[in-house]
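Peer 1: In order, the protein sequences belong to chains A and B.
Numbering follows the UniProt record's numbering, with no gaps: position 125 of the first sequence is 125.
Numbering follows the UniProt record's numbering, with no gaps: position 69 of the second sequence is 69.
Check the hints yourself; a few may be wrong.
Calculated lysine-lysine pairs in the DSS-like style (CA-CA distance at most 25 Å, straight line) [said to hold, decoys possible]: (1) Lys111(A) with Lys104(B); (2) Lys111(A) with Lys173(A); (3) Lys104(B) with Lys94(B); (4) Lys173(A) with Lys107(B); (5) Lys107(B) with Lys94(B).
Chain B stretches covered by chain A per the calculated footprint, using a threshold of three residues with CB under 8 Å from any CB of chain A [stated by the list, open to error]: (6) 60 to 74; (7) 237 to 247.
Simulated from the structure, these hints should not be mistaken for lab results.
The structure presented is a predicted model; accordingly, all values stated were derived computationally and were not measured.
Idealized CB from N, CA, C, for every residue including glycine.
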Amino acid sequence: MATTAPVRRRKRRSVPIGRILLLGFFLIFVLWPLYWMFNTSIKPSDDYLTVPPVWFPAHPTLVHYEAALFTYRGLDGLINSLIISLSATVLSALLGTLMAYSLARYDTGGKHLSFWVLSQRFLPPIGIVLPVFLIYRQVGLYDTHVGLIIAYTVFTLPVSVWMMFAYFRGMPKSMEEAALVDGCTRWEAFWRVAVPLAAPGIVAAAVFAFIACWTEFFFALILTSRTAFTLPTVFRAFIGFQGAQYGEAAALAIVSLVPSIALGVLAQRHLVRGLTLGAVRG
Amino acid sequence: MAEVRITGLHKRYGAFHAVRGIDLHVRDGEFAVLVGPSGCGKSTLLRTIAGLEESSQGTIEIGGELVNDFRPRDRDVAMVFQDYALYPHMSVAKNIGFGLKARKMPKPEIEARVAEAARMLGIVPLLGRFPRQLSGGQRQRVAIGRAIVRNPRIFLFDEPLSNLDAQLRDEMRGEIKRLHQDIATTMIYVTHDQIEAMTLADRIVLMRDGLIEQQGAPLDLFERPVSTFVAGFLGSPRMSFLPGTLALDGSAAAIRLADGLLPIAPGRTLNGATHGQSVLLGLRPEHLTRAHAATPAPGTFRYDATIDLVQPTGSRSYATFRLAGAPVVAELQAHDVSRPGERLPIDINMNRASIFDATTEQAI
Chain A
1 MATTAPVRRR KRRSVPIGRI LLLGFFLIFV LWPLYWMFNT SIKPSDDYLT
51 VPPVWFPAHP TLVHYEAALF TYRGLDGLIN SLIISLSATV LSALLGTLMA
101 YSLARYDTGG KHLSFWVLSQ RFLPPIGIVL PVFLIYRQVG LYDTHVGLII
151 AYTVFTLPVS VWMMFAYFRG MPKSMEEAAL VDGCTRWEAF WRVAVPLAAP
201 GIVAAAVFAF IACWTEFFFA LILTSRTAFT LPTVFRAFIG FQGAQYGEAA
251 ALAIVSLVPS IALGVLAQRH LVRGLTLGAV RG
Chain B
1 MAEVRITGLH KRYGAFHAVR GIDLHVRDGE FAVLVGPSGC GKSTLLRTIA
51 GLEESSQGTI EIGGELVNDF RPRDRDVAMV FQDYALYPHM SVAKNIGFGL
101 KARKMPKPEI EARVAEAARM LGIVPLLGRF PRQLSGGQRQ RVAIGRAIVR
151 NPRIFLFDEP LSNLDAQLRD EMRGEIKRLH QDIATTMIYV THDQIEAMTL
201 ADRIVLMRDG LIEQQGAPLD LFERPVSTFV AGFLGSPRMS FLPGTLALDG
251 SAAAIRLADG LLPIAPGRTL NGATHGQSVL LGLRPEHLTR AHAATPAPGT
301 FRYDATIDLV QPTGSRSYAT FRLAGAPVVA ELQAHDVSRP GERLPIDINM
351 NRASIFDATT EQAI
C-alpha cells in the first residue's frame, strides 16, 4: 500500500487540470455572450462601441430596460409570448400525448400515419405562410392570440407526437394490460398508469414545444401586427435608420431569457430522463 | 370460483394463425397448465381468456357465462405477468390495492384486504416500498398479492417464474402450488418448462402449433404420451428414440433394431400394428437400470452396454450408451457407474417402453 499511494496521488492530481481547462473553456464559451449581453444592457449608450471595451460600466443604468419594455412595448410582447407559447405548449403536449398513445398502442392508421405526422416537419414553413396569412385575414384570426396559438400548436405537434410515440413504444404494454385486468377501463389505464409513467417524455416534449414557440419569429411577423405580436418580433424595432439600439436589444434579450431558464430549472429532473426516450427506466 | 369452457377457439394475426381451434374445459378449482414450446399459442390462448386479445372465432365461457364480448375488467379474472408488470410509480400497498380502488371499494376495506394478502405472502414489511427497491422474488410475491387480493373467479399466470433464478423458481413454484391448495380457485398457468407443468398441474394441456396435442393428468401424459412430441417434451433428460421395424409372429412381438431383435413385453397391446411397420421405440432414462439379479425380470431385456458419457447429479447418475447405433440415456444409482468406457449390464424394462409409428409419430 505504501508504495502505490504516491503513484495514485500523482495520477489524481493530473486529471483535474485537463478537466478544469476543458470546463473553463466551455464555461467561457457559454457564459461570455450572456455576460456581454447583460453588460450591454446596463451600459450608458456612449459605452457600447468604445475601444478598449468597457468591461463593467462605472454608472450602470436601467434606462434601456425601461425603454425596451414600455416605449417599444416589450412588456406587451412578453405577455403575448407567454400566453401564446404556454397555450400552444399545453395543447401540443395534450394532443401529442393522446395521438402518440393511439399510434403506439393501437397502430392507428397503420404503418404510415405515424411517419406522415413527422413528415409535416419536412415542409418548409415559408411555403405555407402566405396561404395561412390570407386564410387568417379572411376568417378573422389575423393578429389574434388564438390564431397564433393554433399555428404554433400545429407546428409543434409533429415533434411532440414523434417524441411521445417513441416513448410509449419503449414502454412495456404489460403494465397497462395489468391495469385493464385489474379493473380499469382503457381510458383509466391510460390516465392512471401510462401517463404517469410517460411523464418524463411528456415534459421533454413540452419543453421542446415551448422553446420552439418562444423563439419563433417568422410566423409571428407575418400573422400578427399591433395586438398579438410576440417578443421576438419586438426586436425588429431596435434596428432602425437612426442606428441600432444595442442597450434595448440586450435588455429585452435578458428579459426573454427568464422564462426559459425558469422552465429549464423546473423541468430539469424530468428532461434528462425524457430525452433518453424511454430507453433507460429506473 | 368458476369453470372455464373454450369451444372452437381461433386467433389470427393477419395471415398468422396462432390458435387453430382449441376445445378446452377447465373444471372449477382445477389447476390447468398450458405448456408447449415457444410459439405454440399458449400465451395467446391465455391472453384471449383474459380478454387482452379478441378471439377470431369460437367461444369462451367463464362460470357458464359467455364472455367473448366482455372487457377484461368485467371478466373477473386476475393475471400475473411474466415481467410482473408492477406499477413503478406506486408503493407495494398501492400496487396491491390498485384493482380494488379501480373498482371503487371503500378505503378501509381496501386496507384490510391488502394487509391480509400481504400477511399471506409474507410481504408486510415491504408495503411502503416501491417496486424498484424489491428483489425479483419479492416483486413476484407482490404481483401474486395483487391477484389474490381481488378474490377473482380465475387466476391466470403467464410464465410467472421464468425471470427468476433456479433456486428461487423452485421455491416460488412450491408457494404457488400451496396457494392453490389453500384458496382452491381455478388457475390457468402458462409455461414452457415441463417441470413446472408436471409439478403444478392437475391437468396438463400440451400445445403444439396452435392446437392441443394432448391433455390430461401429468402422469397420464408422462406414461402414455400420444405422440413422440409429447413423449419428448415431458421428462428430463428426454426420452430416447430408437428407429426399428415391428416383427410380429403370432402372439410374440419384437422390434427389429439395426443390430438385433428386442422382444416386446407379452401383455403389450399393439393397436392396428402390422408386421414390418416402421416404428420408433421410446425409452425413458428411468426404464433402464443396472442389472443386479442373475436373470432379468419378465418383460425386461438385458443389454451389455459400453457407457460413453456419465453425468452425475448427486442423487442419480445419467449414463449414455449406444443401442443399435442410437444414443440412449439411462438413469442409474449414483454409484452404479463410475467412468466412460465402462461395460455394464443394463436391464431395459419393455413393459413401460413406448412405441410410435415412425411416419405419423403417433403412439401405437
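Peer 1: For the pair we were handed, Lys173(A) and Lys107(B), check the Cα-Cα distance against 25 Å.
Peer 2: violated (28 Å)
Peer 1: Given the hinted pair Lys104(B) and Lys94(B), is their alpha-carbon gap at most 25 Å?
Peer 2: Judged against 25 Å, a Cα distance of about 14 Å means the pair holds.
Peer 1: Mind checking the alpha carbons of Lys111(A) and Lys173(A) for me, to see if they're no more than 25 Å apart?
Peer 2: Distance of about 19 Å is within 25 Å: holds.
Peer 1: Please verify the coverage claim for the region 237 to 247 of chain B: does it have three or more residues whose C-beta sits within 8 Å of some C-beta in chain A?
Peer 2: violated (count 0)
Peer 1: When I compare C-beta atoms, does the region 60 to 74 of chain B have three or more residues closer than 8 Å to chain A?
Peer 2: holds (count 3)
Peer 1: Holds or violated: Lys111(A) and Lys104(B), Cα atoms, limit 25 Å.
Peer 2: It is violated: about 38 Å lies between the C-alpha atoms, which goes past 25 Å.
Peer 1: Does Lys94(B) sit within 25 Å of Lys107(B), going by the straight-line distance between their CA atoms?
Peer 2: holds (11 Å)
In this structure, the earlier hints numbered 1, 4 and 7 are contradicted, and the remaining ones agree with it.
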